[in-house]
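J.: Given next are the chains, with one letter for each unit.
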Amino acid sequence: MLGIPPGIWLTIFFIIPLSLIWLFSFGDKRGLIDIDLTWTMANYARAMDPLYLQIFLKSFWFAGITTLICLIVAFPIAIAITFAPSRVRPILLLLVILPFWTNLLIRTYALIAVLRTKGYVNIGLEYLWDGINAVLIFFGMEPSGLIGERFVPAPLLYNNFAVVFGLVYVHLPFMVLPLYASLDRMDRSYLEASLDLGATQLRTFVSIIVPLAMPGIISGIIITFIPALGSFLTPDLLGGTDSQMIANVIERQFKSANDWPFGSALSFILMYVTFFVLAARALFSKRNSTMESG
Amino acid sequence: MRHLLPKRKSIGPLDYIHQRWMKLTLALSFVFLYAPLLILVIFSFNDSRRNIVWRGLTFKYYEKAWNNDGLIEAFANSLTIAFFSTIISTILGAMVALLLWRFRFTLKGVYEGSMTLPIVIPEICMGVSMMAFFSRVGWPSGLIWPFNLSAITIAHITFCFPFVAVIIRARLANFNLEFEEAAKDLGASEWQFFRDIMIPFMKPGLIAGALLAFTLSLDDFVITFFTSGPDTVTLPVKIYSMVRFSVTPEINAASTVLIAITLLLTTIALWLQSRAGQNLGH
Numbered sequence: 001m002l003g004i005p006p007g008i009w010l011t012i013f014f015i016i017p018l019s020l021i022w023l024f025s026f027g028d029k030r031g032l033i034d035i036d037l038t039w040t041m042a043n044y045a046r047a048m049d050p051l052y053l054q055i056f057l058k059s060f061w062f063a064g065i066t067t068l069i070c071l072i073v074a075f076p077i078a079i080a081i082t083f084a085p086s087r088v089r090p091i092l093l094l095l096v097i098l099p100f101w102t103n104l105l106i107r108t109y110a111l112i113a114v115l116r117t118k119g120y121v122n123i124g125l126e127y128l129w130d131g132i133n134a135v136l137i138f139f140g141m142e143p144s145g146l147i148g149e150r151f152v153p154a155p156l157l158y159n160n161f162a163v164v165f166g167l168v169y170v171h172l173p174f175m176v177l178p179l180y181a182s183l184d185r186m187d188r189s190y191l192e193a194s195l196d197l198g199a200t201q202l203r204t205f206v207s208i209i210v211p212l213a214m215p216g217i218i219s220g221i222i223i224t225f226i227p228a229l230g231s232f233l234t235p236d237l238l239g240g241t242d243s244q245m246i247a248n249v250i251e252r253q254f255k256s257a258n259d260w261p262f263g264s265a266l267s268f269i270l271m272y273v274t275f276f277v278l279a280a281r282a283l284f285s286k287r288n289s290t291m292e293s294g
Numbered sequence: 001m002r003h004l005l006p007k008r009k010s011i012g013p014l015d016y017i018h019q020r021w022m023k024l025t026l027a028l029s030f031v032f033l034y035a036p037l038l039i040l041v042i043f044s045f046n047d048s049r050r051n052i053v054w055r056g057l058t059f060k061y062y063e064k065a066w067n068n069d070g071l072i073e074a075f076a077n078s079l080t081i082a083f084f085s086t087i088i089s090t091i092l093g094a095m096v097a098l099l100l101w102r103f104r105f106t107l108k109g110v111y112e113g114s115m116t117l118p119i120v121i122p123e124i125c126m127g128v129s130m131m132a133f134f135s136r137v138g139w140p141s142g143l144i145w146p147f148n149l150s151a152i153t154i155a156h157i158t159f160c161f162p163f164v165a166v167i168i169r170a171r172l173a174n175f176n177l178e179f180e181e182a183a184k185d186l187g188a189s190e191w192q193f194f195r196d197i198m199i200p201f202m203k204p205g206l207i208a209g210a211l212l213a214f215t216l217s218l219d220d221f222v223i224t225f226f227t228s229g230p231d232t233v234t235l236p237v238k239i240y241s242m243v244r245f246s247v248t249p250e251i252n253a254a255s256t257v258l259i260a261i262t263l264l265l266t267t268i269a270l271w272l273q274s275r276a277g278q279n280l281g282h
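Chains G and B supply the protein sequences, listed in that same order. Note that the first sequence covers residues 1 to 294 in this note's numbering. Note that the second sequence covers residues 1 to 282 in this note's numbering.
Below 30 angstroms or equal to it, Euclidean Cα-Cα: the simulated DSBU-like pairs (lysine-lysine) are:
{"#": "1", "chain 1": "B", "residue 1": "K108", "chain 2": "B", "residue 2": "K184"}
{"#": "2", "chain 1": "G", "residue 1": "K58", "chain 2": "G", "residue 2": "K118"}
{"#": "3", "chain 1": "B", "residue 1": "K108", "chain 2": "B", "residue 2": "K203"}
{"#": "4", "chain 1": "B", "residue 1": "K184", "chain 2": "B", "residue 2": "K203"}
{"#": "5", "chain 1": "G", "residue 1": "K58", "chain 2": "G", "residue 2": "K29"}
{"#": "6", "chain 1": "B", "residue 1": "K64", "chain 2": "G", "residue 2": "K118"}
{"#": "7", "chain 1": "G", "residue 1": "K255", "chain 2": "G", "residue 2": "K29"}
{"#": "8", "chain 1": "G", "residue 1": "K286", "chain 2": "B", "residue 2": "K108"}
{"#": "9", "chain 1": "G", "residue 1": "K118", "chain 2": "B", "residue 2": "K60"}
To be clear, the hints were calculated from the coordinates, so they are not data collected in a lab.
Just chain G, with the same shape it has in the complex (with noise of 0.2 angstroms):
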């Protein structure tokens, strides 16, 4: 009785739109919206297409990258949480938590006013580049072949650099919670058993706190790079014009140029590449515990 109603409701508000799509990336477009159920594969041999197999893959390269900078600043921030004072340590993971309850959107537009060409960045570069200038000009050296005739603002907005930057600012928080969530089971007998032992803290961190965490680094990359293989609005606001992921073409197919069966099909091999990750994951941490239990 009780499972009835949410069922339901899964079933009418998602289960049913989800097939819809399904059916349609099967489907011909005929006209302005009608779509002929074909059972064509057309639609996926077309997302084959050099075209957008690049815009695949430069999906799979940010979200790769995005999640291997993650990965690398926030590991010192997890291990630097673990090992807190303990009063200091819910505050330390508030903070990391915060930004993560603020809007998306928002986090986005607050990158633009700093990466932008007079945006704070550029503005402060300027002040260097100022700085620099009178410094050689007072030792009556001649400036403009050491760093320029003139500042140039560094083009940090509207291109792949700002993707990454953007989706790592977005992302950050969800490498650090698994690893600190694995990193503070840790029993910390074994590293102060390494370091009375004479390994050096490299050591340590690399025979011991690694495979230590590795459950939490799994989780981590896994739930770093799904979202970001997903993303639609950092590209969106901060990318150019080639820095287009998978999600902005779906969307244009579903606004602008009004293809809804490529844009389905499109949408259903990212679902099936997002569950291929999430299985991968299923049957490794099954091997993991049946490696540890056996």
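Given the coordinates of chain G, work out where chain B should sit on it, guided by the hints.
T.: Chain B only, in chain G's frame:
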């Protein structure tokens, strides 16, 4: 063991947080996370259109945002949608949580798995499927307010209630089954047990779940973007269209208001959850 060690003033090998490079990394990370948001908030009070150099405190952009009818209408829409989504997704979420916690049934795994689907599938896929669905079933548009918001509200409920279910289930996992035996021994009916024991026990989870649903609904952009029409603009969708146009202090003001509401609600939810966690021992 640890308390037997002599207290040292020097930095221990595991006191990573007291090492200088660690402090620096932490500080830089927090600057990276907070500087853009702080700048956004600070410059919503800046008395300058160009938005770069500080020219003194002003509230005129808040006044401007307040007098911007489009913005206020979008805000009213957002609050209305969040209100209805919260009520329905809290009820649905509680039902799912109770069912999965209490009963075993065939296909439970399938049921449970499909309830987490809205959490795991990419937002864009959910957005376009909702858009296709509402246009294909011929969902009535152009109804009078607030019924014109029904499509967005339905989409919001669909992605909110699985989250609510997760929160309430976490609360239920701590339920002491002896309470049920005691209640039944003393002659309580199933309904009395539910009303007098379960609901009060679930209350912190219900409130935390409701607050989560409210913030999720208020904050959502991607799914709303595909289900909203020209007459049904929410605050994030409105801010998006303003951002596409230009960067103005007015957007900073509107954003600051949204950040403040979200932070307030989240703080209440976290506080309630930690208080509920403390009460468990009693």
